[in-house]
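Given next are the chains, with one letter for each unit.
Protein chains: 2
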Amino acid sequence: MTRHSPAGFFHDRTTTELAQRLRAGETSAVALTRAALSAVEEFDAGLNAFTAVDRDGALQAAEKADAELAGGTDRGPLHGIPVAVKDIIDVAGLPCEMGSAHFAGHVSTSDAECVRRLRAGGAVLVGKTTTHEFAFGPTGDSAHRGPSRNPHDPTRITGGSSGGSGAAVAAGMVPLALGTDTGGSVRIPAALCGVVGFKPAFGAVPTDGVFPLSQSLDHVGVLARSAQDCRAAYRVLAGLDPEPSGETGETATVGWVAPESLHPTDPELTRTARAALEVDGLAVRDIALRDPKDVHRGFLGIQFSEAYANHAERVAEHPERYTDDVLERLREAGRTAGWQHVRALAARDRWRREVHELLSEVDLLAMPTTCVVATELGRREVTVAGTDANVRGALIALTKPWNLAGVPAVSVPAGHLGGLPVGLQLIGRPGREDLLLAVADRIVG
Amino acid sequence: MTRHSPAGFFHDRTTTELAQRLRAGETSAVALTRAALSAVEEFDAGLNAFTAVDRDGALQAAEKADAELAGGTDRGPLHGIPVAVKDIIDVAGLPCEMGSAHFAGHVSTSDAECVRRLRAGGAVLVGKTTTHEFAFGPTGDSAHRGPSRNPHDPTRITGGSSGGSGAAVAAGMVPLALGTDTGGSVRIPAALCGVVGFKPAFGAVPTDGVFPLSQSLDHVGVLARSAQDCRAAYRVLAGLDPEPSGETGETATVGWVAPESLHPTDPELTRTARAALEVDGLAVRDIALRDPKDVHRGFLGIQFSEAYANHAERVAEHPERYTDDVLERLREAGRTAGWQHVRALAARDRWRREVHELLSEVDLLAMPTTCVVATELGRREVTVAGTDANVRGALIALTKPWNLAGVPAVSVPAGHLGGLPVGLQLIGRPGREDLLLAVADRIVG
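Chains as they are written, first to last, in this note's numbering: chain A, 5 to 449; chain B, 5 to 449.
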């Protein structure tokens with residue numbers, strides 16, 4: 005982190021460390037929850053990371069967690085850990101506004117399945133985090149309650165759409181937060197805010213109770229301070245045994261994908277990200293994509309068609325309730341033709357086969373997470389490597405391929421550029437998440 | 005058949021009977037092929053069932069089939085049987101014009117997989133049959149080489165799109181013909197021409213080498229004089245063992261679906277079709293559909309989107325090469341939105357679940373094949389049960405649900421109305437085709 009960033013209690017503490025201290029009696033769930041609530045109180049006015057805080061509910065859950073631990077009931081690695089949840093995911097009894105005036109004042113009546121699993125794992129839910137309106141945008145600065153702000157520079161975006169979760173973890177307000185990722189919405193704020201963001205394989209974590217953006221691309225993911233924390237949370241969310249496979253990631257073959265094959269990228273950012281791969285035991289070689297056009301065609305046709313299917317009646321009946329930004333893109337989405345959707349689905353099939361082949365040649369793929377570092381709030385155009393680009397494209401170009409392929413991907417902090425965080429992205433095979441996150445852990449470390 | 009219909013050699017002969025006579029030395033493949041060629045010569049000028057006849061190739065194949073049988077090589081139930089193939093299916097060395105000026109003069113360079121299987125089964129390919137342009141229409145009267153004509157009344161349609169195959173079998177020019185069925189294109193001409201038409205389960209017969217109309221709804225099917233003939237051909241086409249399961253169809257529960265729940269239907273036609281079910285051993289009861297709206301929404305959204313994806317460049321570059329009829333529908337298809345396609349796919353999922361449930365309650369479903377008997381060539385509007393309807397809708401409404409569900413369905417002759425054939429449709433479970441066709445066989449008989 006840069007010098008002047010807000011540094012809440014959790015800014016240098018992992019859930020793994022906290023879990024040990026909880027069991028050693030050196031702290032309590034109530035103490036951790038109070039630490040989270042104070043950090044929110046201290047820093048959130050400047051960051052707008054939270055849309056709702058459940059002080060009473062959180063303290064009650066923390067007391068229960070402490071009592072259980074004292075009584076010998078141990079719910080695993082998230083027991084007693086404060087967690088924040090993106091505001092498009094249902095948490096019973098808390099507001100859930102999707103970042104939208106359409107849902108102003110809306111309160112969830114039940115838990116999303118992923119939230120139910122967090123609770124069953126003993127996590128303490130402290131509140132809801134800011135999302136780009138309906139999760140439809142990677143900047144995090146269009147929402148009816150205003151933009152989330154980057155802890156490294158509050159005049160800049162967090163990235164999105166899980167921007168509040170990124171800021172909350174980066175500022176040390178919570179050690180762990182849930183996000184969702186349709187084209188990069190967990191990994192982008194992780195990269196721009198300097199934390200770890202993990203998107204599991206498609207379908208690994210249920211999306212019931214999550215407001216859909218594009219159902220065949222939507223993933224629930226996590227943001228945390230370490231890859232090990234992501235792994236622990238992932239296993240709880242996916243309903244897996246808490247014990248990892250034992251893959252250490254001490255040796256692995258990594259295929260470096262030149263980001264320019266997908267989108268112009270800041271060359272300094274590329275160098276910084278690639279340098280982070282210089283870790284003992286990793287054999288890195290260059291890998292070329294066969295037909296990157298399929299990525300753009302496939303992603304856009306599918307995301308637009310599914311997104312508009314989720315919004316058609318709202319756009320027709322209450323267009324004024326959207327921000328201009330999102331309304332304009334929804335209208336563009338609505339103009340996608342059915343035959344283009346058909347071709348997009350075929351492009352996805354081809355791309356999935358290609359990714360499957362690439363991942364049979366190497367253990368992991370790697371590239372930067374984004375083409376640029378955090379831009380100014382509200383900015384929509386940017387010059388990247390001498391080329392004019394829109395900010396949205398420059399943020400999403402390197403993450404969306406892995407939503408389209410449905411494979412697990414993680415963004416890890418890889419240094420800074422002008423004081424702003426740079427993210428390195430690692431992509432792995434479904435079923436080999438432990439290897440992916442073990443390598444990520446060695447890089448962060 | 006009505007009195008004055010053309011009655012070629014095969015008009016009262018099944019492939020099953022012919023196979024026995026071939027093995028008893030009472031006929032030969034060459035004799036059968038010559039009979040087919042003469043019938044085509046005698047009757048086709050009035051019916052336009054054939055777009056190409058391969059006299060030399062057929063006689064050569066017949067000679068080979070005879071030599072093989074004489075030498076002790078028996079390729080199974082289609083060995084030495086003359087077969088015709090719809091003109092959107094590749095047969096190496098023969099013209100394949102798809103009923104379209106776009107492909108005028110086009111000659112296939114390889115066999116479709118289904119044709120390869122027919123040849124491997126010893127069938128003798130005598131020629132190609134007329135199709136509605138690009139198989140995109142159920143009337144069979146829009147094609148660049150003119151309409152196929154109904155043997156029962158040449159001023160009326162055969163139904164389509166496999167109209168030539170329907171006319172060729174009905175007029176006794178061949179005992180068996182291949183068709184394709186995206187929304188009813190095998191069963192509709194079978195019903196209107198008074199023969200049996202079978203559409204297998206989706207995916208049971210490969211569509212490689214078949215010009216696509218709507219890939220996720222396209223099926224290869226067969227038209228013949230008996231359900232037993234369809235079963236024999238189906239097993240060859242699907243690569244199954246020639247021996248059926250032994251299901252006799254002597255008892256079965258049949259759910260009657262009132263056609264009016266899908267489309268207004270001629271009540272006399274409904275009565276005629278239902279009466280054909282009065283066969284010993286069949287327990288018939290009424291079954292209601294839960295949400296038939298899903299059928300229309302699902303079918304149209306998917307067929308239109310996929311069809312336009314297959315034609316977009318041709319429509320843009322050479323619209324003048326289409327008939328007005330098909331061009332107008334393609335343009336309408338192109339206006340289907342991506343989000344409507346997404347909702348259509350969801351509607352299909354719901355419909356498939358409903359059909360799966362219905363078919364767990366009864367062995368078979370039954371309803372008429374079409375809502376009307378064969379209409380006059382070129383007619384596009386019709387009054388059905390006092391309601392104005394378009395002919396296309398009245399032909400396809402009862403068959404398309406089973407393409408959308410992907411389940412096997414067969415149309416069998418169920419009597420006549422004003423001298424024109426009525427079809428009864430039976431629908432079964434994938435994997436239980438033998439039961440379906442055994443019951444169909446008892447009804448035809």
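Rather than coming from a laboratory, the hints here were simulated on the basis of the structure. The C-beta atom is built at its ideal place from N, Cα and C for all residues, glycine as well. Mixed in with the good hints there might be a few duds.
Just some of the chain B residues that point at chain A, by a computed CB distance under 7 angstroms [as the list claims (entries may be wrong)]:
no., residue
1, A105
2, G109
3, V111
4, S112
5, T113
6, S114
7, A205
8, F206
9, P210
10, E317
11, W343
12, R347
Label-pair distances were calculated between CB atoms; the ranges are [unchecked claim]:
no., chain 1, residue 1, chain 2, residue 2, range
13, A, K297, B, A124, 32 to 42 angstroms
14, B, A108, A, K297, 42 to 52 angstroms
15, B, H322, A, S265, 27 to 37 angstroms
16, A, S364, B, P323, 40 to 50 angstroms
Results for each hint:
{"no.": "1", "hint": "A105", "in the structure": "violated (22 angstroms)"}
{"no.": "2", "hint": "G109", "in the structure": "violated (27 angstroms)"}
{"no.": "3", "hint": "V111", "in the structure": "violated (27 angstroms)"}
{"no.": "4", "hint": "S112", "in the structure": "violated (24 angstroms)"}
{"no.": "5", "hint": "T113", "in the structure": "violated (24 angstroms)"}
{"no.": "6", "hint": "S114", "in the structure": "violated (22 angstroms)"}
{"no.": "7", "hint": "A205", "in the structure": "violated (22 angstroms)"}
{"no.": "8", "hint": "F206", "in the structure": "violated (17 angstroms)"}
{"no.": "9", "hint": "P210", "in the structure": "violated (17 angstroms)"}
{"no.": "10", "hint": "E317", "in the structure": "violated (11 angstroms)"}
{"no.": "11", "hint": "W343", "in the structure": "holds (4 angstroms)"}
{"no.": "12", "hint": "R347", "in the structure": "holds (5 angstroms)"}
{"no.": "13", "hint": "K297(A) / A124(B): 32 to 42 angstroms", "in the structure": "holds (39 angstroms)"}
{"no.": "14", "hint": "A108(B) / K297(A): 42 to 52 angstroms", "in the structure": "violated (33 angstroms)"}
{"no.": "15", "hint": "H322(B) / S265(A): 27 to 37 angstroms", "in the structure": "holds (35 angstroms)"}
{"no.": "16", "hint": "S364(A) / P323(B): 40 to 50 angstroms", "in the structure": "holds (45 angstroms)"}
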